[in-house]
Amino acid sequence: MRDVAIIGVGHTKFGKWETKTAVELFAEAALQAMEDAGVEGKEIEALFVGSALPDFGEGQAMINVHCTSELGLGQIPSTRFEGACASSTVAIRDAHMWVASGEFDVVLVGGTERVLPMGTPLATRTFAMAMHAVSEVPAGLTFPGVFALVAMLYSKTYGIPLEKLREKMAHVSVQNHRHGALNPLAQFYRKYGDLKVEDVLGSRMVCDPLTLLDCCPFSDGAAALVLCAAEKARKYTDTPVYILGTGQGTGGAMGRFGEELIRPPSRVMSARMALKKSGLEPKDIQILELHDCFTPAEIIALEGMGFFEWGKAADAVEDGQVDIGGKIPTNMSGGLIGKGHPIGATGASQVCMIVEQMRGNAPKGNQVDPVPETGMTDTMGGSFGTLSHIVLGRSRR
Amino acid sequence: MEDLKIDENTDHYILTLKDYEQGLRAGKMLGLRCRNCGEIMCPPMPVCCGCGGKELEKTEMGGEGELMAFTITRVPPEGMDAPYIVCLVKLSEGPWVMGRLDHDPEKITPEMLGRKVKVSGAYAWSDKFSAGEHTCPVFKVIP
Ligand SMILES: [Zn+2]
Chain A
1021 MRDVAIIGVG
1031 HTKFGKWETK
1041 TAVELFAEAA
1051 LQAMEDAGVE
1061 GKEIEALFVG
1071 SALPDFGEGQ
1081 AMINVHCTSE
1091 LGLGQIPSTR
1101 FEGACASSTV
1111 AIRDAHMWVA
1121 SGEFDVVLVG
1131 GTERVLPMGT
1141 PLATRTFAMA
1151 MHAVSEVPAG
1161 LTFPGVFALV
1171 AMLYSKTYGI
1181 PLEKLREKMA
1191 HVSVQNHRHG
1201 ALNPLAQFYR
1211 KYGDLKVEDV
1221 LGSRMVCDPL
1231 TLLDCCPFSD
1241 GAAALVLCAA
1251 EKARKYTDTP
1261 VYILGTGQGT
1271 GGAMGRFGEE
1281 LIRPPSRVMS
1291 ARMALKKSGL
1301 EPKDIQILEL
1311 HDCFTPAEII
1321 ALEGMGFFEW
1331 GKAADAVEDG
1341 QVDIGGKIPT
1351 NMSGGLIGKG
1361 HPIGATGASQ
1371 VCMIVEQMRG
1381 NAPKGNQVDP
1391 VPETGMTDTM
1401 GGSFGTLSHI
1411 VLGRSRR
Chain B
1439 MEDLKIDENT
1449 DHYILTLKDY
1459 EQGLRAGKML
1469 GLRCRNCGEI
1479 MCPPMPVCCG
1489 CGGKELEKTE
1499 MGGEGELMAF
1509 TITRVPPEGM
1519 DAPYIVCLVK
1529 LSEGPWVMGR
1539 LDHDPEKITP
1549 EMLGRKVKVS
1559 GAYAWSDKFS
1569 AGEHTCPVFK
1579 VIP
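Residue numbers (the working numbering), protein chains in the order written: chain A, 1021 to 1417; chain B, 1439 to 1581.
For the record, the hints were derived by calculation from the structure and aren't laboratory data.
Here the structure is a predicted model, which is why all the values come from computation and not from measurement.
C-beta atoms are modelled at their ideal positions from N, C-alpha and C, and glycine is treated no differently.
Watch out, some of these pointers could steer you wrong.
Below, computed lysine-lysine pairings styled on DSBU-like, alpha-carbon distance capped at 35 Å [stated by the list, open to error]: (1) K1443/B - K1492/B; (2) K1184/A - K1443/B; (3) K1566/B - K1184/A; (4) K1040/A - K1566/B; (5) K1297/A - K1492/B.
Computed beta-carbon distance windows for the label pairs [as the list claims (entries may be wrong)]: (6) S1564/B - G1272/A: 31 to 37 Å; (7) P1285/A - E1446/B: 31 to 37 Å; (8) E1446/B - D1125/A: 49 to 55 Å; (9) A1562/B - L1051/A: 46 to 52 Å; (10) K1492/B - K1332/A: 39 to 45 Å; (11) G1061/A - K1443/B: 32 to 38 Å; (12) P1285/A - A1520/B: 30 to 36 Å; (13) K1443/B - E1123/A: 24 to 30 Å; (14) S1568/B - L1051/A: 37 to 43 Å; (15) A1569/B - P1181/A: 41 to 47 Å.
Chain A residues, not near chain B, derived (Cβ > 10 Å throughout) [claimed, not checked]: (16) E1044; (17) L1173; (18) R1276; (19) R1416.
This is chain B alone, in the form it adopts within the complex:
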C-alpha cells in the first residue's frame, strides 16, 4: 500500500495542519500572516479569515498570551481521563487558540482569568474515530 500514499503539498496551503501540529510538538506556535490585511491566524487555513485573501505567509508566534477562559472538565468523553483543564488563550499576536492548561485542577480559581500564559508543550491524542493523532498546545501560567 506504500505506493498509494500521497505526501506532497497542494497549491493552496502555505502551512498545512500537519506542519502546524509538527510545530506544536517541537514547541513552536506556527501561524499565517495575511499580506493584504495583516491578520494573523492559526490553526492554518488556505485563505485569510479576516479578508478572504490568499496572499498568506508563514509566521512563528511567541507562544505567549492571555488566559481568556478555562474549565475543569469532570465528565470526560470516551477515551479521556478527568479531571483536566481546557483553556481558551488569546495569543499576543492576536489569534485565540484552544488548548490544555498545565495546572492542578483542584487548585485553580477564577482569579486566574486574565493571567499571562505561555506554551509549555503539546498534547497529542487519538482514538478510533480521529483518523490518527492530533495535537493541541499545552499552556502554563507565567508565575
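Just chain A, same shape as in the assembly:
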C-alpha cells in the first residue's frame, strides 16, 4: 500500500444556506480544494461523497452523481457514502484506500448536507432513522435523547451527581463556542464567544438533562479534500498532510451495548485500528477534532479514543485539559457545537480543520503553537452505529 497525502482543502461557511443547494455547496468546497491543490478537473480520477439525508433535505438521492456532473468531471467513478453523521469520514477512508492501493493517483472526496430546509420536526424524525427503526423509534428516542441517556448512565456509573456532571458538560459548550466564535467558517462566528457555564445550564431544556446549549445546531454546508499518492504530492504542494492511518467500527441498537453504552466498543475498535495503522499512541497525538454533537459526546469520545481514563474526561474538560495549553487541544475549530453540524459534511470538515492547523492557517486564538505535527479526527454516525477515525501527520511514517 502507498502513502496518501491531502494536497488541497475546501470548506464553505456552515450555517443556514437558503441560496444554494447541497450540490452547489459541494461544488464550491470542491473547487476551493482543487484550486488550493492546483489540480485541474481532468486530473481527478474518482469522486467520493458523504451525504446522510439528501433524500429528505432536498429530495435528492444519489447526490454523488449530480456533484460529479456539476463539476464537469465527466464519467469518472463516483460513489455516495452513508454512515449518518460519519458519512464523509467513511468516504475519506475509502478514498484513501483506493489511492493507497494504486488504483488512482488523484481523487476528490468530501461531504455535503442541507438540514435546515427540513425544519426541526422532520430533521428530528429523519436523524432518528439511523437508530433501530423498529424498537427505538417507537419509544420516541431522538438524538439529544441518546446523549441525555448517555449523561444519565455516566452519572450513575461513575458516581458523579447529575447536577455536578451538568456543570462539567457545560464547560464543553463554553470552550467549543469560544473557539467557534473565532472561526469565520463557523455557524456561530462572532456569537456566544463569552458564553458562561450558567448560560448553558439555564438555557431551554431539550431532553433532560441536555439544554439547547448542550446541543450542536442544525446546519447546511460542505467540505472537500483532494487526495494524492504521497510520491506525487510535492508536485502540487509544499505542505502536504499525510493520512497515517484510518479506522472504522460498527455498533447496533443501543440496548445491545448495555453498560458499554458510555464506552462504545465501536469507537474503541475504530480508534485503536487508526492509531495502530499509524504506529502512534494517544500520547503522540497533538490535536483532536472529535464528535461533540452534544456535550456528553465529547466527554465519552475523549475516553473511548484512549486520551483519558474511563470516567475521568468530565473532570479533564473542566480543568482545561482539552484547551490550548492543556494535555490535548480538542475542537479548536469550535467542533460541531460551535462550528455547526451539516451531518454528511462534518467528517471532511474535521480533516480540513486539522490540515489548516498543520499549515499554521487556523484563526488567531484557535491556532495551536507550534503547529501540530500529528492530529486525529473522530466521527460518530447514529447512536455509535458507525465510528470512523483518521490519523494525520505533517511527515510520512
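Using the hints provided, position chain B with the ligand relative to the given structure of chain A.
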C-alpha cells in the same frame, strides 16, 4: 394482492420481530436464550449476540428490571407529541431494552435512577416512513 402475501417463518428465526411485538402487546416480554453461552437477548435476532451461535430457544422474561437512564423528551420528532419519557431498562434476565416510562414528566427526578421498574403495557406507533406499526414496552416504577 392477497395471494402475493408471504406469511411463514424462515429457517433462521426462532422468534421473529412480529412475534416479539405481538408478545409486547399481550403484556409478555419474549426473548431468546443461547444454548451455547447462556446469553439472553431481545429484541430477537437469528444468531446469538454473545457468541454468534445459532442454537437459540424462545424464553419469556418476567418484565422486571432496573431503570438505568431516562430522558424527558421536550422536542419531539414529527408525528409525536411531547413531553414524554424515554427509558433504558436493564431487565432482570440481562438484556437492556429501550421503552417509554409511564410517569409524570414534570414530577420525575434523577433520584429515580436505579429504581425497579416493571412492564405495564406496550406503545404502538406508526408513520408514513415506518412500514406499519411498531411497538416498544412501557415501564412503570414499582412503588
Ligand atoms: Zn451465545
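Violations among the numbered hints: Result: hints 2, 3, 6, 11, 13, 17, 18 break, sorted rising.
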